[in-house]
Structure formats: C-alpha cells, structure tokens
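*Asks:* The chain contents come next:
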Amino acid sequence: MKLFSSVNDVKDVPALVARALQLKQNPYAHQHLGKNKTLSLVFLNPSLRTRMSTQKAALNLGMNVIVLNIDKEGWALELRDNVIMNGTTVEHIREAAGVMGEYSDIIGVRSFPGLKDREEDYSESIFNKFVEFCKVPVVSLESATRHPLQSLADLVTIEELKTKARPKVVLTWAPHIKALPQAVPNSFAEWMCKADVDFTIAHPAGYELCADFTNGATITHNQDEAIKDADFIYVKNWSAYEPYGAVTGGNEGWMLTNAKLDAVAPNAKVMHCLPVRRDLELSSEILDGPKSVVIHEAGNRVWAAQAVLKQMLETL
Amino acid sequence: MKLFSSVNDVKDVPALVARALQLKQNPYAHQHLGKNKTLSLVFLNPSLRTRMSTQKAALNLGMNVIVLNIDKEGWALELRDNVIMNGTTVEHIREAAGVMGEYSDIIGVRSFPGLKDREEDYSESIFNKFVEFCKVPVVSLESATRHPLQSLADLVTIEELKTKARPKVVLTWAPHIKALPQAVPNSFAEWMCKADVDFTIAHPAGYELCADFTNGATITHNQDEAIKDADFIYVKNWSAYEPYGAVTGGNEGWMLTNAKLDAVAPNAKVMHCLPVRRDLELSSEILDGPKSVVIHEAGNRVWAAQAVLKQMLETL
Amino acid sequence: MKLFSSVNDVKDVPALVARALQLKQNPYAHQHLGKNKTLSLVFLNPSLRTRMSTQKAALNLGMNVIVLNIDKEGWALELRDNVIMNGTTVEHIREAAGVMGEYSDIIGVRSFPGLKDREEDYSESIFNKFVEFCKVPVVSLESATRHPLQSLADLVTIEELKTKARPKVVLTWAPHIKALPQAVPNSFAEWMCKADVDFTIAHPAGYELCADFTNGATITHNQDEAIKDADFIYVKNWSAYEPYGAVTGGNEGWMLTNAKLDAVAPNAKVMHCLPVRRDLELSSEILDGPKSVVIHEAGNRVWAAQAVLKQMLETL
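Protein chains in written order, with the numbering used here: chain D, 827 to 1142; chain E, 827 to 1142; chain B, 827 to 1142.
Just so you know, these hints were derived from the structure itself, not from any lab.
Note that this is a predicted model, so its numbers are computed, not measured.
Cβ atoms here follow ideal geometry from the backbone N, Cα and C, with glycine treated the same way.
Please note that a few of the clues may not be correct.
Stated by the list, open to error - Restraint ranges, calculated between C-beta atoms of paired labels, are given here:
1) E:Gln848 / D:Gly913: 52 to 60 Å
2) B:Lys898 / E:Thr1074: 29 to 37 Å
3) E:Ala1031 / D:Thr1083: 29 to 37 Å
4) D:Asn908 / B:Gly1079: 20 to 28 Å
5) D:Cys1036 / E:Ile910: 27 to 35 Å
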C-alpha cells in the first residue's frame, strides 16, 4: 500500500479490519518491519487522538517517529501554485513535502479544509500536493474531505462489538455552534457503504452530504425513524455541503438523549469520533452512561493505524 | 504504585530516595521493565526540567515517550462539569483523559493552579479528574498544590550532599513580582516534615503556608535567625495563601546574598527548584558561586522520576 | 569533537565529507555508539530541515532525541547578563543551558541573530553562552553568523555531484522582501574557501559580506560574469553587513532564471539551503526543472549531521 487516503485505497476492507483486530491481540510481533524506518507525522491542524494513536501504532511496529507541527515549528507554508511569494508565507508546499520525503519512509499528513471554496477543498489539493511531492507512502491523518483512519477504527469497533451478523448502523447529524468539516461523515459513510451493515444517514434538511460518499445508504430527515432498533448510532455534526459550510439554526432537537434511545433504540451503542462538545452535540448522560463506546472506539485508533502502517511497511 | 501525587503516596520515603541514588549509579539496568510501555507526558503549562528529566528517566528505563502540549497541539480543554459546551472549549477533560489512557501505560500531567479560587485549586480538581478518567497510573508533573517529583529530587540532593546525619534545612521565601503558586513550597514542606532533617520555614508575615503541609516545621518571620547554621537553604517565592494569591510589596530585603550567608550560614548549600529570576529572587553572586547546588539539584530530577516510574512499571 | 560551530572546528574537512558519504551508504552501522546517549535539540527559532534531519541522523546512530522549542514549551529566556530579572523573562540562559546539559550527552542549539546590533550578533553571545554553561558537546543548528551543518551538507552535495576535480562554485545573492541573516552565506563562503573548488561570490554593491568569511574568494558585482561556466550556483539572499541588516531595493533583476542559465551556465546545478520564496528569490521554472538539486541537497543534511554526531559520540 503506497497511499491510504480513502476506502478506495484498500483492496480488501474485511481483511484490513481483521488484521487490525489481530494486532490488538498481538501488538509487538512485527517490530522487525519498522526497524530503522521513520514515520513523520505532519500537522497543519490540532490533533490529540490521531497524534497519539498513530505514534503508538508506529512504536508498536518498531518504527522511529518524528512529529512536526509544521506551521508552528517550521515555516508558514504557501499552498498555492503560481504566486510570487512576497507575502507572509515562507516555504512552498512543493519544497516542504519534497524535503520531508527525504527524511521519512512514510509520512502522515493532517490538513483541514478551509470551508470557503468547495471546489478547492474537494479537490484535496493540499493533501494531494503532499502525496505528489514527498514521493514516499502517505497516510491521511484527516484531509479536507476524509478521515480514513477514523473510519477504519469505527469499522473495527463495530466488527468487535456487534451482536448480529449484519448490524444496523446509523449516522446521525448533531447540533453545533461552529461550521465543521464533512470529512468524518463523508468518510464514515463511504466505509459503511462498503461494509456488511445496514446503513442509514439522518440529518435535517439542508445537510445532505455529497452523493459521492453515500451511495447505498438510506437517507432520511427523520431521526427517530432512522435510529429505530439501531445497533450502532454514530453521532456527528457537519456543516452544509450546499451552500458550502453553512450552519443553520433551529436543530437543537437533534441532540441525542437517553429518552430518545430508550424509546426506539434501547440496545444501541453510541459512537462519536471525538472531540465532542458535551450537551451541545451529545448529552452528558449518554457519554457518561453504559451505551457510549466512544473511549473504546478511540482506543481502536491504534490498531487501525497499525494495520495500515504494517501494510505499508511490507511494501516499502 | 498507581499514583504519585504527594508524599502520602509513598510508603517508604527513605527507600525511594535510596532507589533514586542507586539508579543514578546504574541508570540502564532495568530496560526490560519499560520495553513496549508508553509514558505520555501531558502539559497544560510550560516545562523545561520536568519535561526533559522525565523523558530521560523513561528512556533510561526503555520506555517509549509521547509528549503532548495539549492546549496547543490538541484541543482547548473544558475542565468544568455540568456546562453546555457552546463556548471556546472543544473537548472535555473526561474524554481527553479517557482517550489518553487508551494510548498510555503511565501518564504524567502538569496543571498549574488558577490562583483565583483557593477552594478549587486546593481540591486538585483538574489533576484528580485526569486520574479518575484516564484509568492508568498517573505521575504528577506539578499540580495546583504540589510538585512531588521536584521535592523527591530535592530530598535526594540533600541526602547526597549532607555532611551530618540530621542536617538543618531552611525553606526561605524570596521576593518576586508575580503571584506564584504554593505548589513547590507546600510540597517541599510536606516532604521535609517526613524526612530526617531539622526543618525551618521563614517568610514575611502574611505568607503563611496552608498548615496541612507544614506540620512539624519551625516557622518564623526572621530570616537571619532561620538560616543561622543552616546546612541547606531552599529559596523560593510564593504568593499568599490568605488572601489567596496576594502579593504584598516591601519584602525586597528577603533576597539571599553572600553577605547574609557569610554572616550566619557560611557552610550552607543553596537550593532552588528553577526557573529563578536572577537578582530578584536570588542574587547572581550566589547562583554563580560555589554555594549554589541548583544545577546539580536539577540533574537529580532524572533519578527522582526514574525511581517513581520504575516502581510504577513494577506494578503494572 | 566537542564543538561544531564553524569550519574552524573541523580538523580535516575532506575526511568529514568522506565520512558523511560513507554514512549515506551505510546509515545504521554505528548504533552501538548512540545507545543510551541523548541528543537534545533546542530551538529558539523555527526549523524544518535541521529539526528533522538531525533527529533522523541521531536515530540512525541509535541515540535518544529530546526536542525542545524552548521559548514556547519552556520559559521565556533572559539572554543578557547583569540585569535584574523583573521583566518578562523567566529563566536565564545560564541556568537553562546548565540544566539541559544535565539531561543531555550532546546538545544542538538554534539561535538566530537579532539583526539590530552587529557587534552583539557577531560575538555569538547566545550560542557561546549555551556552550559555556551546558558543559557538554554542542552542535550549532544555525547561530547568529553561521550554519555549519548546512554548509557541510552543501559541500557533501558538491563532492557527490561534481563532474570535474575542481568545480566552479558561485554564491549569488538573490532578492527578498525581508532582512535575512548572513549566517548561510558566511558559512557557505568559509567552507568553500577551505574546499578544493574555484569559488566566486556575486552580489549587488552594498551587500559585501564580512571579510572574515570570504578570504580566498573572487568577489564581483556582476552576476552574469560570475556564473559563467559555473558547475554549481548557490542562490541565497542576505541583508547588508554594513549598514547592518539593511535591505535596499532595485535588485529584482538578480533573481536567477533559465534564460540566464541557458545563456552563460548551461551545465550549472542550482543549490539553495531552503526555505526559498518562489519567484522572488528563485524562479519556479528552475526549482521545478532538472537543474535544481535543492531537494537532494536537503536530503544530504542527514549525512552531514550524522557525520558530526558520530565524531562527537566517539570522543564522549
């Protein structure tokens, strides 16, 4: 594997999930693979889970890890082509990525969208320039439109905790006060559409995701109907795809509560990628109660990352 | 050992000191203990000595280390319970600590006090929430009211450099322009009160420490009298406990000088936890002269941390 | 080797270059040297290449690495002597360096010049205080007036890519909008003056470098004449040495283009230390074309650092 940027980069999704669960049982068995290999983790944005879990995964594999908060510790990056660099940016992404490739066997990159220009964000120009110019295998640590390590961990969690062969999985929109990217819901949707699950997406009118990611999903504006008898409910806010980045008010009722779960989905496990704003996106009573699997899900980020890194190391 | 937050977490203080001094002689003998174990160091505040010495201690023990400046590299943390998170904080300490526990065998946490609300600071609510929610052993890297790795290193230094069985140790207040926490003097006092030393605290009226930490100490407002014939003089500023966080002027004369030492304590060794403001808290002539042991003391931070981590690794 | 701050610290320059090229062939052969040894990298300024390549070099040698962005992660440093520290600085460089030496076998330090006071910058007071007070071997990661790891990597690159025994090497000034240090051109000049190359420096009138660094070089204000038949053209901006830090306009024509190269230096390889401002300092057409060796040159930073660290480890 030379690139892990979306589910489309994975030949055999069930095999990758199985490998992650095997690594969870036996984390340190492959340290010869990573010996003298360097993973560089490059952050253009904040990160807690991805930062720590990917480091841990690489260390489990015997790799060296270099972490770079590039805009704070390196130089302000120019991301556009064909500009005279007489402003505030000091280094072009072409050189920065090229140089980082010289010091790395694998690079992980996090670059959030601007949420201003949909075409630019959905072209994944920043992430793709890293891939093009660094010339080594690249793992997405969340790009403008996808967060595949999260989605793989989510699928690993569902596979691990499911109590029936084909569980019902619901992605439900949640309220927020800020415009958030569509990366997590896009990515979760495209992974679920390739998994052996019964998949439904619920959101208020106006929050339709780009259809490229939701092919095969049931889509509804009725949250209660959607979550009925669900096995897994994935809670996440996102801003509108059209008009791009918009946030409309009046949807506070979409916050999931125990009353809703008790009424129609008493056996559901509740997931969230984190960070989560308590009692805005998701009620404290759920997060602090037995239905929440969010910490366990975050723990599985290690095995998702380790499965991907292992596969990359095997093809170096 | 599952928790290292104060001297009360240590069953046998002399044995821990002895172990630190043994590790100083033989730092790399226990690397099997740390193999494939991860220490995460989580900073909510700046750190130089603690950051570097604890990393070094863990590396000496064969551990992996992940460093996280959480508010800068992760997400702005919400520390209060029962708030709707519709402001500037993005992640609750409950989730953040829980997630970090998933990636760590031991966690070190630094969280300074706000110095506004004494009850809140002295309840150690931030540190205690980390301990509660991360569910792995925790080492304090300085909390609101204590700095136990510093105090252990201080006691190691006294044990190492003392020239009599029961030395006279004096903690003396020093001038400063800002309101500083009581964590270092509290902690130093509670460790000295449990050690085999003759312990005196000197400070201007109004700078009484909380009595919980000073039981057994001689307390005086007369610096000259206090330091007379001292073997070790520990210099440190702190703000008032009552009214909480207050700084009163007019105590510039409390800065230690060679003239004072020559007059009444010619054989004293001078200690400070660092960082120190030169010629405000402590005179340059002392820091640059033969009586200062501050760099040596800082070096002992490694062995203090290594003794604590070793004991935690043994009980994982 | 106890100090690597300039070419004058190197007894045998060709041997050091040869060692770097040997390490490039065989990077992992010396890991016994670095076992249980700690390199601390201390940054007072941003860094991408130096940060990553020096980490990689140390890891290749089996060392542990601690990275410290001191002013952000530690305490605001006081760099002047004989001041009462009652302002914004919290820790003096004397203590900070002394303490870091306690935790480190080798320290790397980056400290840029202020470009206000030439005498102070050229006295290298900050770097020299680190060396004096840390008491362990020190590698410059770029100081006020020199960047020796860069220059060594540059010479390694020239040695590796040259097609004749004594190549023609030209350092040419390039336009910029900000006042940049003279560290890279000073350092490149003093290394080239000690290497077996035909060395020319070209810059507009007013940009004369300090003569201490250029002894033996041909110096001209005519760029076309300088680069004629060059084998290597090293492009770099710098501000004036006299008046110190000045930037004069009207030199935009000094930006290197393919037209210039085609006219007089068709076989030249183009070098730059990076970061580079595209189409201000150096044209995109060159950077993206076959004459540029800037990424390759940055890659050689690893072997330069590894050769220096190896020599230091051998004399610990």
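*Asks:* All hints, please: hold or fail.
*Replies:* Taking the hints in turn, this is what the structure says about them:
1. In this structure the supplied range 52 to 60 Å holds for Gln848 (chain E) paired with Gly913 (chain D), their Cβ-Cβ distance being about 58 Å.
2. The beta-carbon spacing between Lys898 (chain B) and Thr1074 (chain E), approximately 32 Å, falls within the hinted interval of 29 to 37 Å.
3. Checked against the hint of 29 to 37 Å, the pair Ala1031 (chain E) and Thr1083 (chain D) fails, with Cβ atoms roughly 56 Å apart.
4. A beta carbon spacing of about 21 Å between Asn908 (chain D) and Gly1079 (chain B) agrees with the range 20 to 28 Å that was offered as a hint.
5. For the pair Cys1036 (chain D) and Ile910 (chain E), the supplied restraint of 27 to 35 Å holds, since their beta-carbon distance comes to about 31 Å.
The structure fails hint 3 only (numbered hints given earlier).
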